[in-house]
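Asks: Sequence:
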Amino acid sequence: MMTIEQENENNGDIVPDRSSNNGSIMKKIQQILTFFIPITDETGSRKSVAVGLSTIFVVGTGIGLLTPKNPALTPPYQSISAAIGYIYFLSWSTSFYPQVMSNFQRRSTVGLSADFCVLNVLGFSCYTAYNASFFWSATIKEYYKQRYGPDAEITVQSNDVAFAIHALILSSITLSQIAYYGDEPGIRSIKLSKPTIFIIVSILGVCAMYPLLVITHRGRDNVGYEDDAIGRFNWLDYLYILSFVKIFISLIKYIPQVILNFKRKSTVGWSIWNILLDFTGGMLSDLQLFLDCINLHDFRSITRNLAKFGLGWLSIIFDIIFLVQHYCLYSSQAAYDTAEDTVQSNQNESLLPAADIDVANECGEEEL
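Just so you know, we're using our numbering here: the sequence shown kicks off at 151 and counts up by one.
Note that these hints are calculated values from the structure, not bench results. Note that the structure is a prediction, hence the values are computed from the model and not measured. Any given hint could be a false lead.
To be verified - As a list, the in silico DSBU-like pairs of lysine-lysine whose alpha-carbon atoms are at most 30 Å apart: (1) 291 to 344; (2) 197 to 341; (3) 344 to 295; (4) 291 to 219; (5) 219 to 344; (6) 415 to 341; (7) 341 to 413.
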């Protein structure tokens, strides 16, 4: 029995191209998403960048004005610092979503370095422990005052803690996507280079050994040591070690991704919105820290919070490299690869109902 499409074809009528119609619908949906959610624009056009960053600045300022302020700062700068803090918090926090969304839309993590993702999770684990301890631990706050004086103020704020926890969760999701969308099932898709494995093992060894030293030396005589009030081995210094681990990881974690982009001559698979938002967050993070020091009349806060200061500048340097790769070096190749990915994604989707597919197969068999 012939279908309507077959009769029309035999009569010389033009059969509607369902594939073309579906492609047009998908294109319109993508345009709508790009308008309302600019971070879905993987090309990073000027229009989407302007809309996206403006939205973050407005929302961040509103949150900063409504949330509790740092009592150590003087008004009206309290509100300014809070606004800057939440703008960079939103920028850095939102920067993790474009990569997750890109991986989901493409059903692939090709172009994303597994080395980078694993180091990112390890780094944010250390950074979360650092910020959470300084913000919530009464013991750490007491140690801090014993070492630096009763008037010393810890510059870690609530938005720092919120960002660290959120970043750890999202970076873990991104890493899990490599395992989910990889060529091999499960964790076997996460293939690391030998240098990365060596670095991870070394870091884990240091992070595990120092707490043992703190525990075994607790209560021992520390006479002659300048910080004998808190001990030669103490939890305050352990947090500083974690902060240096985070800075070190931030220094090296982007290198595999830079090399991967260079080898592929493309940035497709590595979301440019991740870079744009990370760059904005890095600039504002260091701006807030610098202005806080001016308001407190104490620039030692920078040396006591090297994790935040160093993290911001390291992010900025590598973000500039990625921006040059995307917009200057590999811009034409990125556009071509993005188009190829779109076509491949459309081809992977089923455009016909099951019944129509069966009819089409039967027709093909009859023709043969």
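Asks: Are the hints correct? Go through all of them and say.
Replies: Hints, verified against the model:
1. 291 to 344: Violated. Residue 291 to residue 344 sits at ~39 Å, over the 30 Å cutoff.
2. 197 to 341: Violated - the C-alpha atoms of residue 341 and residue 197 are around 37 Å apart, more than 30 Å.
3. 344 to 295: Roughly 42 Å between the alpha carbons, so the hint for residue 344 and residue 295 is violated.
4. 291 to 219: 19 Å, holds
5. 219 to 344: 46 Å, violated
6. 415 to 341: The hint holds at about 21 Å.
7. 341 to 413: 17 Å, holds
In this structure, the earlier hints numbered 1, 2, 3 and 5 are contradicted, and the remaining ones agree with it.
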